[in-house]
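Starting from the given sequences, assemble the full structure and let the hints guide the process.
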Amino acid sequence: MADLSVNVCGVSLKNPVIPASGTFGFGREFDEIYDISCLGGVATKGLTLKPRLGNPVPRIAERSGVILNAVGLQNPGVEAFIAHDLAWLSQKTRVLANVAGSTLEDYGEICARLDGLVDFVELNISCPNVRSGGMALGIKAENVKEVTRLAKDNLKKTPLIVKLSPNVESIANNARAAEEGGADCLSLVNTFTGLAIDIERRRPILANNTGGVSGAGIKPIAVRMVYEASHAVNIPVIGMGGIACGEDAIEFMMAGAAAVQVGTQNFTDTLACPKIIEGMNAWCDRHGVKNITEIVGAATFNKPAAK
Amino acid sequence: MREVTGIVLENREIARGIYSLTFSAGEEISVRPGQFCMIGVQGFPLRRPIAICRAEGERITLCYRVNGNGTRTLAEGCKAGEKVSALLPLGNGFFVQEGEKKVAVVGGGVGIFPLISAIRAYCDEKEIYAYMGFRGRDALCLEYEMRRGKELVIATDDGSVGYHGTAVQAFMEDFDRVRPDVVLSCGPTPMLRALKSAMQGRNVPVYVSLEERMGCGIGACLVCVCDRTNGAHARVCKDGPVFEMNDVVL
Ligand SMILES: Cc1cc2nc3c(=O)[nH]c(=O)nc-3n(C[C@H](O)[C@H](O)[C@H](O)COP(=O)(O)OP(=O)(O)OC[C@H]3O[C@@H](n4cnc5c(N)ncnc54)[C@H](O)[C@@H]3O)c2cc1C
Ligand SMILES: Cc1cc2nc3c(=O)[nH]c(=O)nc-3n(C[C@H](O)[C@H](O)[C@H](O)COP(=O)(O)O)c2cc1C
Ligand code: FES
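Sequences listed follow chains A and B, in order. All residue numbers for the first sequence refer to my numbering, where the first residue is 11 and numbers rise by one. All residue numbers for the second sequence refer to my numbering, where the first residue is 3 and numbers rise by one.
Calculated from the structure, these hints are not laboratory results. Keep in mind it's a predicted model, so treat the numbers as computed, not measured. No residue lacks a Cβ here, since even glycine has one placed at the ideal position from N, Cα and C. Incorrect hints may appear among the rest.
Unchecked claim - Within a straight-line C-alpha distance of at most 25 Å, the following computed BS3-like cross-link-like pairs (lysine-lysine) qualify:
id, chain 1, residue 1, chain 2, residue 2
1, B, Lys103, A, Lys285
2, A, Lys24, A, Lys102
3, B, Lys240, A, Lys60
4, A, Lys102, B, Lys240
5, A, Lys285, A, Lys300
6, B, Lys85, B, Lys152
7, A, Lys24, A, Lys155
8, A, Lys102, A, Lys167
9, A, Lys60, A, Lys167
To be verified - Residues from chain A that face chain B, not an exhaustive set, calculated with beta carbons under 8 Å:
id, residue
10, Thr33
11, Gly35
12, Val67
13, Pro68
14, Ile70
15, Val81
16, Gln84
17, Phe202
18, Gly225
19, Ala226
20, Arg234
21, Asn276
22, Asp279
23, Thr280
24, Glu304
Below, the structure written as structure tokens:
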């Protein structure tokens, strides 16, 4: 039995496995299937200041090895979460409150509201934003820095995770921008923007036309981005994108992740997270790894060959 | 609500393009009529929601039409003795009140499968009048299950068997004679809309089972919503799939 516990920004997690935002609600439904206190933490559904109804349906589509979603941040609002779910979830495990805003000011306000109440705030900067003309704040490095700074100014007690969008020119630059803005931690990747067309109907499958691509098929790109981001900054990185088993999680940690999140696989198998924890433990035992932190960034990379 | 690894006992074609899959869940599963199962398909990230047509102890039977890639793979690749991953039972299911004696069941397409579970559950204590629509003779299946009720009208689009027309038309022609206390329905949206307009002002409760694409199947991801008439959203997988017809926007 290896020691799977990790420490992220001074917060101890019993293991590095956290269900990813949007795939796990606030944990109550999965807790009917297994006791979610076995998890390192839970990243909540994206919260906004006011309740949101989200996009029309269909909201999900499937392609080889991946899914596309366009839920559109349906959520009951941060006050409903605090009133009905937070106390219950906090006594189960660590809480990563995933938050989003449609204006820059929203981000500041929602962070101030959650400060001191949750274990982490995870900033979703991939959603379309009024300020940047509907473009996500997470795309341009200067916007990443600005929104991070504003969030950080409103968080006196709770560590700030900035969740990076992969739909960008340079993930390393955006990682540095978040660090300069005061982020305590990064998480990545959010979904890749994609499109699926029903060729019989000659129409997109999703009502929103485009959707966020996630699942096993994005894993090699996500691992590369986690590697680049974690090597660009001095703050911890939480890795995700297509993790389906313990070995996948180990791969992300070797690329530089201090912990991992699991999204789409929760749909394929509701017991995905406990199985991944078990799989990581078994891998450590087989390889004589006593403490999971030994493998963080443990892959040795080749030097670029001189041309 | 359980995550199980089942063992396939049988998976065979029972009508053109319609398969019946029976697996052993490895434990006794107690199922209400109209509840469903998320069935895993090897190599596909999303599981498919399929009504539980029959549940006898550990034995669960799902009937499905080959539609796209996932159901095709299930039909071709899933053999007796193999494992299937399944999450069940899900959703609220149909519920007939004590005082409701005459139950009309109106189904079309793959909507007949959840209704068969209702016929099985209520045939002893209620009078069931079933109106089941099929494209044609080729698609007809499980007639013996539908016959468990008091009366059965089979309707076909092409008139090759039974009533020539839709299940809703057949039901409405019988309505004044049967005078049902409650109506249970499942089928394509145009059929449900036709039923809704035909039932307007008749003061009989109608319960419909809805279809929507799903992610988790348990109420966590908010992928499967429908609109309530009051403007709120409901999750088809958890708050449904069965709704009072006037409660939702079709
Ligand atoms: C509660 C419920 C009960 C159902 N019961 C039955 C049943 O008993 N028998 C039966 O034949 N069918 C039933 N269906 C419909 C069945 O889920 C779809 O036909 C099936 O998911 C299609 O998958 P595919 O692999 O053939 O299609 P693909 O096109 O490969 O599917 C791609 C994705 O879209 C989803 N999808 C596509 N069409 C539908 C649809 N009509 N409804 C929901 N999701 C869809 C799939 O689940 C998958 O996630 C039910 C649906 C729901 C919501
Ligand atoms: C249905 C669905 C909803 C999601 N909602 C959110 C969200 O509200 N906020 C967020 O930051 N990420 C959201 N995500 C992205 C995931 O948290 C995760 O970053 C992504 O799915 C990649 O991981 P995976 O490949 O393991 O799924 C969502 C993903 C899915 C599939
Ligand atoms: S499918 Fe996830 S909430 Fe219904």
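A quick look at each hint next to the structure:
Between Lys103/B and Lys285/A the CA atoms are separated by roughly 48 Å; this puts the pair beyond 25 Å, and the hint is violated. At most 25 Å may separate the alpha-carbon atoms for a hinted pair to count; Lys24/A and Lys102/A meet this at roughly 12 Å. Note on Lys240/B and Lys60/A: the hinted pairing holds, with a Cα-Cα distance of about 23 Å set against a maximum of 25 Å. At most 25 Å may separate the alpha-carbon atoms for a hinted pair to count; Lys102/A and Lys240/B meet this at roughly 22 Å.
With a CA separation close to 19 Å, the supplied pair Lys285/A and Lys300/A stays within the 25 Å bound. Taking the CA atoms of Lys85/B and Lys152/B, the gap is near 38 Å; set against the 25 Å cutoff, the hint is violated. At most 25 Å may separate the alpha-carbon atoms for a hinted pair to count; Lys24/A and Lys155/A exceed this at roughly 31 Å. Of the pairs offered as hints, the one joining Lys102/A and Lys167/A holds, with about 21 Å between alpha carbons and a cut-off of 25 Å not exceeded.
Taken as a hint, the Lys60/A and Lys167/A pair is honoured in the structure, with Cα atoms around 23 Å apart against an allowance of 25 Å. Evaluation of the Thr33/A hint against chain B yields a held restraint, the C-beta minimum of about 6 Å falling below 8 Å. A least Cβ separation of about 4 Å between Gly35/A and chain B falls short of the 8 Å threshold, and the interface hint therefore holds. Hint on Val67/A holds. Least Cβ distance to chain B is approximately 6 Å, under the 8 Å limit.
Proximity of Pro68/A to chain B holds as hinted, the smallest CB-CB distance being about 5 Å (cut-off 8 Å). For Ile70/A, the interface hint holds, since its Cβ comes within 8 Å of a Cβ in chain B; the closest pair sits about 5 Å apart. For Val81/A, the interface hint holds, the least distance from its beta-carbon to any beta-carbon of chain B being 5 Å, beneath 8 Å. Against a cut-off of 8 Å between C-beta atoms, the interface hint on Gln84/A holds, since the closest Cβ of chain B lies about 5 Å away.
About 15 Å separates the beta-carbon of Phe202/A from the nearest beta-carbon of chain B, more than 8 Å, and the hint is not met. Checking Gly225/A against chain B: minimum C-beta separation of about 5 Å stays under 8 Å; hint holds. This hint holds: Ala226/A has a C-beta 7 Å from the nearest C-beta of chain B, less than the 8 Å allowed. Because the smallest distance between the Cβ of Arg234/A and any Cβ of chain B comes to about 21 Å, over 8 Å, the interface hint for this residue is violated.
A hinted interface residue such as Asn276/A counts as satisfied when its beta carbon comes closer than 8 Å to some beta carbon of chain B; here the least separation is about 7 Å, so the hint holds. Against a cut-off of 8 Å between C-beta atoms, the interface hint on Asp279/A holds, since the closest Cβ of chain B lies about 6 Å away. Proximity of Thr280/A to chain B holds as hinted, the smallest CB-CB distance being about 5 Å (cut-off 8 Å). Evaluation of the Glu304/A hint against chain B yields a violated restraint, the C-beta minimum of about 32 Å exceeding 8 Å.
When each numbered hint is compared with the structure, violations occur for hints 1, 6, 7, 17, 20, 24.
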